[in-house]
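2 protein chains.
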Amino acid sequence: MRDTFYKYIENLQDEITEKLEAVDGKVKFQQDIWKRKEGGGGRTRVIENGDVFEKGGVNISAVHGHLPEAMQNYFNVRDCDFFACGLSLVLHPKNPMVPTVHANFRYFEMYDQQNNIVDQWFGGGQDLTPYYLFEEDAIHFHKVSKNACDKHGDNLYETYKEKCDDYFWNSHRDEARGIGGLFFDYLKPTENKSLQNIYDFVTEVANQFLEAYVPIVEKRKNLSYHQKQRDWQEIRRGRYVEFNLVHDKGTLFGLKTNGRIESILMSLPPYVQWQYNHHPEPNSDEAKLLEVLKSPKNWV
Amino acid sequence: MRDTFYKYIENLQDEITEKLEAVDGKVKFQQDIWKRKEGGGGRTRVIENGDVFEKGGVNISAVHGHLPEAMQNYFNVRDCDFFACGLSLVLHPKNPMVPTVHANFRYFEMYDQQNNIVDQWFGGGQDLTPYYLFEEDAIHFHKVSKNACDKHGDNLYETYKEKCDDYFWNSHRDEARGIGGLFFDYLKPTENKSLQNIYDFVTEVANQFLEAYVPIVEKRKNLSYHQKQRDWQEIRRGRYVEFNLVHDKGTLFGLKTNGRIESILMSLPPYVQWQYNHHPEPNSDEAKLLEVLKSPKNWV
Chain A
1 MRDTFYKYIE NLQDEITEKL EAVDGKVKFQ QDIWKRKEGG GGRTRVIENG DVFEKGGVNI
61 SAVHGHLPEA MQNYFNVRDC DFFACGLSLV LHPKNPMVPT VHANFRYFEM YDQQNNIVDQ
121 WFGGGQDLTP YYLFEEDAIH FHKVSKNACD KHGDNLYETY KEKCDDYFWN SHRDEARGIG
181 GLFFDYLKPT ENKSLQNIYD FVTEVANQFL EAYVPIVEKR KNLSYHQKQR DWQEIRRGRY
241 VEFNLVHDKG TLFGLKTNGR IESILMSLPP YVQWQYNHHP EPNSDEAKLL EVLKSPKNWV
Chain B
1 MRDTFYKYIE NLQDEITEKL EAVDGKVKFQ QDIWKRKEGG GGRTRVIENG DVFEKGGVNI
61 SAVHGHLPEA MQNYFNVRDC DFFACGLSLV LHPKNPMVPT VHANFRYFEM YDQQNNIVDQ
121 WFGGGQDLTP YYLFEEDAIH FHKVSKNACD KHGDNLYETY KEKCDDYFWN SHRDEARGIG
181 GLFFDYLKPT ENKSLQNIYD FVTEVANQFL EAYVPIVEKR KNLSYHQKQR DWQEIRRGRY
241 VEFNLVHDKG TLFGLKTNGR IESILMSLPP YVQWQYNHHP EPNSDEAKLL EVLKSPKNWV
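Protein chains in written order, with the numbering used here: chain A, 1 to 300; chain B, 1 to 300.
Think of the hints as simulated: they come from the structure by calculation, not from any bench.
There's no promise every hint is true.
Which copy is meant is left open, so a pair is good if it fits within one copy or across any two.
Said to hold, decoys possible - Below 20 Å or equal to it, Euclidean Cα-Cα: the simulated EDC-like pairs (lysine to aspartate or glutamate) are:
| id | residue 1 | residue 2 |
| --- | --- | --- |
| 1 | LYS151 | ASP174 |
| 2 | LYS35 | ASP174 |
| 3 | LYS35 | GLU18 |
| 4 | LYS35 | GLU204 |
| 5 | LYS26 | GLU204 |
| 6 | LYS228 | ASP14 |
| 7 | LYS163 | ASP79 |
| 8 | LYS94 | ASP231 |
| 9 | LYS294 | GLU262 |
| 10 | LYS146 | ASP112 |
| 11 | LYS297 | ASP79 |
| 12 | LYS288 | GLU69 |
| 13 | LYS37 | ASP174 |
| 14 | LYS288 | ASP81 |
| 15 | LYS228 | GLU48 |
| 16 | LYS151 | GLU69 |
| 17 | LYS94 | ASP185 |
| 18 | LYS188 | GLU10 |
| 19 | LYS94 | GLU234 |
| 20 | LYS297 | GLU262 |
| 21 | LYS294 | ASP150 |
| 22 | LYS151 | ASP185 |
| 23 | LYS294 | ASP185 |
All values derive from a computational prediction rather than experimental measurement.
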């Protein structure tokens, strides 16, 4: 499975970066290959200063070796080896009418001292962070997510949609990071579901990522905007930074387990503002977004 | 002591904000009084869009009540009441030739169920974060810090200077946040030092804050700079954000114990950039700063 899934994300990275380059039209992804001292490495692809994408990354990595102590404590295990691979992407568009998107698809294996697999699971998801809310965009993103889920079981969409709202909750602000999507973790084989079944589900979602996001970008990328809207986007990007640095488990794991910093922090937006005690005008478009972030909605 | 120190920081806040307004010349601090639901509150003073200070805050607070669970776990105690008060300031100048500064002076008491004081201590310090290194400024800041320490004991400066370098270490970047200063915590009465002795020391340092910082501001605030230097300042401010949100105990405590978010996060800079894998030109002024941040120096 580790080889199968790694080959899959290699191809997916090619497919996604090619499509996004075509959407942007101006700049290409720059690639960095890196090695992890303790085992494994990655292929980071970053896009900057595009016509559409101001900054973004579509990264894959496959790392292995002895499970670092911070992760041993987290998983409550001792003296294990591990293998982890995944694709992780974040795109920060220039135009505040185009939402930021994040997606991640990952696979994890743990081994005992005799190198037997003692645990294995998939995780991942995709979620959208608009600066201005176009309800039809939110509905589109969630519908595509639901279609992918529905092929693999009842209530998968409902379950993972709720997990997404829970996970991307900026608790110190009492608001969601964005308008959600899907979030799943520790998907392990059971009596009713083989590892292959789970692989089929995860890759189904991943295969539909471009369909979920690109039509929204195409629809909004040429809308005009003014400086105040750009300021609002940069202020909201500050909340994105707060979530990723204070709450996001993936980011904190990376920082505490000697991951490649520049690949982990490619998720941070290019230009960000913090204004003291900023509140949008009542009944403005900005206030309408906040309302939805304060109490997540059902979109389909 | 709690009343004595609170009166002291009330006056100190007045003194510092008056002086900084005079230095800025354009804008005044805006004041917000806030109450904490569980007990106590604060007086937040924020300056924004000044000629000299792009954003900053000089805040005092005094909070009390039942010790929140997160802090019980941190201090490894159960069912205590507490009182905490302090002054906390961060100033982000507009001109990249003027360093950012942070200072904090705080006092903490813990009580048992019969309301007896079971523990009490002072903490605090001051530290400087330049974007361009003027060695004479670093020397000045450290000399004033040392003078304040030397009146209260041998090796205090050396001890607290080293603690400062240790504390403000951005471990995931393997570099210091700035060029240091003083950091002390859990200063408790001993056989040789009364609580009054410690109060005298902490207020000595606090009284010299303006002398440590303002001459540097006056010297650099009218230097000219160009956009590339401003970009560098905004990129370095990103590291400041990373430290405060990932590593700073005060910030994380505040966020996890229901503190007033806007008062805590006033420390975040107004305009910030994250560029992928940014490295300054070899032998540039920017590279020279990084060298010093990678291996903290002795300045006096």
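Hint check results:
For the identical chains of this complex, LYS151 and ASP174 are neighbours neither inside a copy (34 Å) nor across copies (47 Å), given an alpha-carbon limit of 20 Å. Proximity of LYS35 and ASP174 under a CA criterion of 20 Å is satisfied inter-copy only: 18 Å between copies versus 39 Å inside one chain copy. Taking CA atoms no more than 20 Å apart as the test, LYS35 paired with GLU18 passes in neither setting, with 24 Å inside one copy and 53 Å between copies. With identical chains, the CA atoms of LYS35 and GLU204 are never at most 20 Å apart, being 29 Å at best within one copy and 50 Å at best between copies.
In this homomeric assembly, LYS26 and GLU204 never come within 20 Å of each other (Cα to Cα): the closest approach is 30 Å inside a single copy and 58 Å across copies. For the identical chains of this complex, LYS228 and ASP14 are neighbours neither inside a copy (36 Å) nor across copies (34 Å), given an alpha-carbon limit of 20 Å. In the homo-oligomer, the alpha carbons of LYS163 and ASP79 never lie at most 20 Å apart, since the shortest distance is 30 Å inside one protomer and 33 Å across protomers. In this assembly of identical chains, the alpha carbons of LYS94 and ASP231 lie at most 20 Å apart whether taken from the same copy (12 Å) or from different copies (18 Å).
In this assembly of identical chains, LYS294 and GLU262 lie within 20 Å of each other by CA distance solely across copies; the values are 17 Å between and 31 Å within a copy. Taking CA atoms no more than 20 Å apart as the test, LYS146 paired with ASP112 passes in neither setting, with 37 Å inside one copy and 54 Å between copies. Within a single copy, LYS297 and ASP79 get their C-alpha atoms no closer than 43 Å, and across copies no closer than 39 Å, so neither meets the 20 Å cut-off. Taking the closest pair of Cα atoms, LYS288 and GLU69 never come within 20 Å of each other, the shortest separation being 44 Å inside a single copy and 35 Å across copies.
Only between protomers do LYS37 and ASP174 lie at most 20 Å apart by alpha-carbon distance; the minimum there is 16 Å, versus 39 Å within a single protomer. For the homomeric pair LYS288 and ASP81, neither the shortest alpha-carbon distance inside one copy (48 Å) nor that between copies (41 Å) is at most 20 Å. Taking identical chains as interchangeable, the C-alpha atoms of LYS228 and GLU48 lie at most 20 Å apart only when they sit on different chains, with a minimum of 17 Å there against 23 Å within one chain. Taking the shortest alpha-carbon separations for LYS151 and GLU69, neither the intra-copy value of 39 Å nor the inter-copy value of 44 Å comes in at or below 20 Å.
In the homo-oligomer, the alpha carbons of LYS94 and ASP185 never lie at most 20 Å apart, since the shortest distance is 31 Å inside one protomer and 44 Å across protomers. When the C-alpha separation of LYS188 and GLU10 is checked against a cutoff of 20 Å, the pair qualifies neither within a copy, at 23 Å, nor between copies, at 57 Å. Taking the closest pair of Cα atoms, LYS94 and GLU234 come within 20 Å of each other both inside a single copy (10 Å) and across two copies (18 Å). Within a single copy, LYS297 and GLU262 get their C-alpha atoms no closer than 34 Å, and across copies no closer than 26 Å, so neither meets the 20 Å cut-off.
Proximity of LYS294 and ASP150 under a CA criterion of 20 Å is satisfied in neither setting, with 28 Å inside one chain copy and 52 Å between copies. Only within a single protomer do LYS151 and ASP185 lie at most 20 Å apart by alpha-carbon distance; the minimum there is 19 Å, versus 58 Å between protomers. Taking the shortest alpha-carbon separations for LYS294 and ASP185, neither the intra-copy value of 24 Å nor the inter-copy value of 38 Å comes in at or below 20 Å.
Hints 1, 3, 4, 5, 6, 7, 10, 11, 12, 14, 16, 17, 18, 20, 21 and 23 from the earlier list are contradicted by this structure; the remaining hints agree with it.
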